[in-house]
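Number of protein chains: 2
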Amino acid sequence: MSADAVVLLSGGLDSATVAAIARRDGFAVHAVSFRYGQRHAVELDAAAKVASAVGAVEHRIVDIDLRAFGGSALTADIDVPKAGVDTSSIPVTYVPARNTIFLSFALAFAEVLGSDDIFIGVNALDYSGYPDCRPEYLAAYQAMARLATKAGVEGGRPVQIHAPLIDRRKSEIVRLGVDLGVDYAITISCYDPSDDGGACGECDSCRLRRQGFADAGISDPTHYAGIR
Amino acid sequence: MSADAVVLLSGGLDSATVAAIARRDGFAVHAVSFRYGQRHAVELDAAAKVASAVGAVEHRIVDIDLRAFGGSALTADIDVPKAGVDTSSIPVTYVPARNTIFLSFALAFAEVLGSDDIFIGVNALDYSGYPDCRPEYLAAYQAMARLATKAGVEGGRPVQIHAPLIDRRKSEIVRLGVDLGVDYAITISCYDPSDDGGACGECDSCRLRRQGFADAGISDPTHYAGIR
Numbered sequence: 009m010s011a012d013a014v015v016l017l018s019g020g021l022d023s024a025t026v027a028a029i030a031r032r033d034g035f036a037v038h039a040v041s042f043r044y045g046q047r048h049a050v051e052l053d054a055a056a057k058v059a060s061a062v063g064a065v066e067h068r069i070v071d072i073d074l075r076a077f078g079g080s081a082l083t084a085d086i087d088v089p090k091a092g093v094d095t096s097s098i099p100v101t102y103v104p105a106r107n108t109i110f111l112s113f114a115l116a117f118a119e120v121l122g123s124d125d126i127f128i129g130v131n132a133l134d135y136s137g138y139p140d141c142r143p144e145y146l147a148a149y150q151a152m153a154r155l156a157t158k159a160g161v162e163g164g165r166p167v168q169i170h171a172p173l174i175d176r177r178k179s180e181i182v183r184l185g186v187d188l189g190v191d192y193a194i195t196i197s198c199y200d201p202s203d204d205g206g207a208c209g210e211c212d213s214c215r216l217r218r219q220g221f222a223d224a225g226i227s228d229p230t231h232y233a234g235i236r
Numbered sequence: 009m010s011a012d013a014v015v016l017l018s019g020g021l022d023s024a025t026v027a028a029i030a031r032r033d034g035f036a037v038h039a040v041s042f043r044y045g046q047r048h049a050v051e052l053d054a055a056a057k058v059a060s061a062v063g064a065v066e067h068r069i070v071d072i073d074l075r076a077f078g079g080s081a082l083t084a085d086i087d088v089p090k091a092g093v094d095t096s097s098i099p100v101t102y103v104p105a106r107n108t109i110f111l112s113f114a115l116a117f118a119e120v121l122g123s124d125d126i127f128i129g130v131n132a133l134d135y136s137g138y139p140d141c142r143p144e145y146l147a148a149y150q151a152m153a154r155l156a157t158k159a160g161v162e163g164g165r166p167v168q169i170h171a172p173l174i175d176r177r178k179s180e181i182v183r184l185g186v187d188l189g190v191d192y193a194i195t196i197s198c199y200d201p202s203d204d205g206g207a208c209g210e211c212d213s214c215r216l217r218r219q220g221f222a223d224a225g226i227s228d229p230t231h232y233a234g235i236r
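Chains A and B, in that order, give the protein sequences. With this note's numbering, the residue at position 100 of the first sequence is 108, and numbering never jumps. With this note's numbering, the residue at position 87 of the second sequence is 95, and numbering never jumps.
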């Protein structure tokens with residue numbers, strides 16, 4: 009019997025690749041996505057397609073209200089920047105404590121399942137400067153998680169936070185995913201997609217994705233509505 | 009101008025005391041409560057009264073769906089035990105990763121406010137054996153939180169997780185709160201209250217509360233519906 013793993017699934021390129029890695033490594037995938045007041049619910053449709061494609065045991069969508077606090081271009085009425093990736097400061101697309109909140113729900117779900125394995129698709133290289141995508145953050149999260157649950161008191165296998173893309177370049181991720189059979193046409197990375205799910209092609213996330221396919225020498229299947 | 013603090017407010021005895029401590033220490037209190045599928049929404053009414061009584065700047069209620077995962081007598085259809093406090097194992101009233109989730113929302117709220125101070129009313133002595141009420145857990149959470157936010161990258165004052173009741177007995181908490189003017193009649197600790205907000209008097213939380221007042225030699229203002 010496969011061990012259960014909780015996989016955070018955004019519907020984007022990275023998490024789709026991570027789900028495929030979890031399957032490759034023999035885990036039964038319990039996918040979790042969040043409806044968190046993001047502008048683009050089209051993400052959730054993509055996540056459902058990815059969960060199905062990877063053969064997930066289940067796909068749960070959890071409602072959380074990050075708009076109650078605001079503070080990000082992704083959850084409040086702030087424009088998504090499209091002038092190019094600026095790595096000199098943390099961009100307005102940063103959502104305060106988002107990965108901390110997502111991992112905390114994953115931890116709750118894992119504890120209920122009796123699972124010790126949580127997969128998250130962060131990477132620290134071609135990211136946009138978010139504090140909660142750094143290896144030292146994830147290590148601290150794992151140390152906390154090991155004290156947070158019943159297993160932390162009663163013993164048992166400690167919780168593992170798997171971030172297999174943490175030190176990969178976007179082009180490596182694309183190559184790895186293609187090798188694992190990921191269909192990137194069903195994924196969406198854009199911070200500001202059109203209503204029909206087309207990617208803008210110009211936000212940080214689109215730029216990193218396009219560059220990743222270009223660097224990998226792989227044809228990009230993304231529908232960029234914003235680019236003629 | 010007072011510094012802002014985020015205070016997790018459940019409507020119970022401990023968090024009401026913590027809110028009073030935050031005010032005593034000069035903080036402007038931004039109270040946060042959660043509607044998390046708990047059986048007893050009467051908690052939220054109590055939290056609103058406590059927020060008002062302590063002069064909170066605001067009181068936000070965040071909807072989260074812990075019932076999506078279940079796994080606890082407080083969020084699923086499992087009976088609340090009333091035979092007495094059993095400290096030999098973690099009880100079914102434990103909600104998986106609850107404090108981790110609550111603190112993560114508090115961290116997001118603090119980051120949006122520009123606040124570095126989060127107050128939580130856990131205590132490790134007269135508690136019910138929950139892993140996420142232990143000092144080592146809170147220390148690990150704080151270490152993680154300091155890496156999770158913009159301040160963790162850009163510098164600035166590190167996040168402080170204040171748990172001023174962590175090593176206090178329930179009787180000490182009651183005495184401290186009475187000294188600070190807390191009106192415990194508006195608080196509710198019961199895991200299984202009646203529809204009119206009366207406490208059962210027999211769940212672990214009621215037993216610990218009753219014992220606390222008895223040990224403090226202070227008259228218990230709680231309305232125990234279950235006790236004649």
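A couple of the hints might just be wrong.
[What the hints assert, rightly or not] Here are some of the chain B residues that sit facing chain A, going by a computed Cβ distance under 8 Å:
#1 T108
#2 E144
#3 I174
#4 Y232
[Claimed, not checked] Within a straight-line C-alpha distance of at most 25 Å, the following computed SDA-like cross-link-like pairs (lysine to any residue) qualify:
#5 B:K158 / A:L133
#6 B:K158 / A:K57
#7 A:K57 / A:A151
#8 A:K57 / B:R176
#9 B:K158 / A:I169
#10 B:K158 / A:K158
#11 A:K158 / B:F221
#12 A:K57 / A:I174
#13 B:K57 / A:K158
Calculated directly from the structure, the hints in this document are not laboratory data. Beta carbons: idealized from backbone N, C-alpha and C, even for Gly.
Against the structure, the hints:
no.: 1; hint: T108; in the structure: holds, 5 Å
no.: 2; hint: E144; in the structure: holds, 6 Å
no.: 3; hint: I174; in the structure: violated, 14 Å
no.: 4; hint: Y232; in the structure: violated, 30 Å
no.: 5; hint: B:K158 / A:L133; in the structure: holds, 17 Å
no.: 6; hint: B:K158 / A:K57; in the structure: violated, 33 Å
no.: 7; hint: A:K57 / A:A151; in the structure: violated, 33 Å
no.: 8; hint: A:K57 / B:R176; in the structure: violated, 51 Å
no.: 9; hint: B:K158 / A:I169; in the structure: holds, 22 Å
no.: 10; hint: B:K158 / A:K158; in the structure: violated, 31 Å
no.: 11; hint: A:K158 / B:F221; in the structure: violated, 30 Å
no.: 12; hint: A:K57 / A:I174; in the structure: holds, 24 Å
no.: 13; hint: B:K57 / A:K158; in the structure: violated, 33 Å
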